[in-house]
Amino acid sequence: MHLGERGLLRIIDAANKSEHLERLDVGILTDDGLMLLAERLAENHHLNELIFTETADHQKYWTA
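Our numbering puts the sequence shown at residues 1 to 64.
FYI, nobody ran anything at the bench for these hints, they're computed from the structure. Hints should not be assumed to be uniformly reliable.
Now the in silico label distances, taken between C-beta atoms and shown as ranges [claimed, not checked]: (1) Glu19 <-> Thr55: 26 to 34 Å; (2) Ala56 <-> Lys17: 26 to 34 Å; (3) His46 <-> Glu5: 18 to 26 Å; (4) Ala56 <-> Glu19: 30 to 38 Å; (5) Glu49 <-> Arg10: 17 to 25 Å; (6) Leu3 <-> Asn44: 12 to 20 Å; (7) Asn44 <-> Gly7: 12 to 20 Å; (8) Phe52 <-> Lys17: 29 to 37 Å; (9) Gly4 <-> Asn44: 32 to 40 Å; (10) Leu47 <-> Arg6: 15 to 23 Å; (11) Ala56 <-> Asp25: 16 to 24 Å.
Every residue gets a Cβ at the ideal spot worked out from N, C-alpha and C, and that includes glycine.
Turn these sequences into a full structure, and let the hints guide you.
Structure (structure tokens):
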């Protein structure tokens, strides 16, 4: 499901408000989405595990 940046922000903000959420799988992220995630989760001390996949166009820069 493609939520867009607004949907991603809503999920991140909800995760920041929940002290009981220890694992978050946000699915496939673009570069912009990854930056939003990093900025908004910087002060989150409750998450133990963060799962995401990069978009295919980003992965090509990291293959040899």
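Against the structure, the hints come out as follows:
no. : hint                        : verdict
1   : Glu19 <-> Thr55: 26 to 34 Å : 31 Å, holds
2   : Ala56 <-> Lys17: 26 to 34 Å : 32 Å, holds
3   : His46 <-> Glu5: 18 to 26 Å  : 23 Å, holds
4   : Ala56 <-> Glu19: 30 to 38 Å : 35 Å, holds
5   : Glu49 <-> Arg10: 17 to 25 Å : 20 Å, holds
6   : Leu3 <-> Asn44: 12 to 20 Å  : 19 Å, holds
7   : Asn44 <-> Gly7: 12 to 20 Å  : 18 Å, holds
8   : Phe52 <-> Lys17: 29 to 37 Å : 20 Å, violated
9   : Gly4 <-> Asn44: 32 to 40 Å  : 21 Å, violated
10  : Leu47 <-> Arg6: 15 to 23 Å  : 21 Å, holds
11  : Ala56 <-> Asp25: 16 to 24 Å : 18 Å, holds
Figure legend: structure checked against the earlier numbered hints; hints not met, in rising order: 8 and 9.
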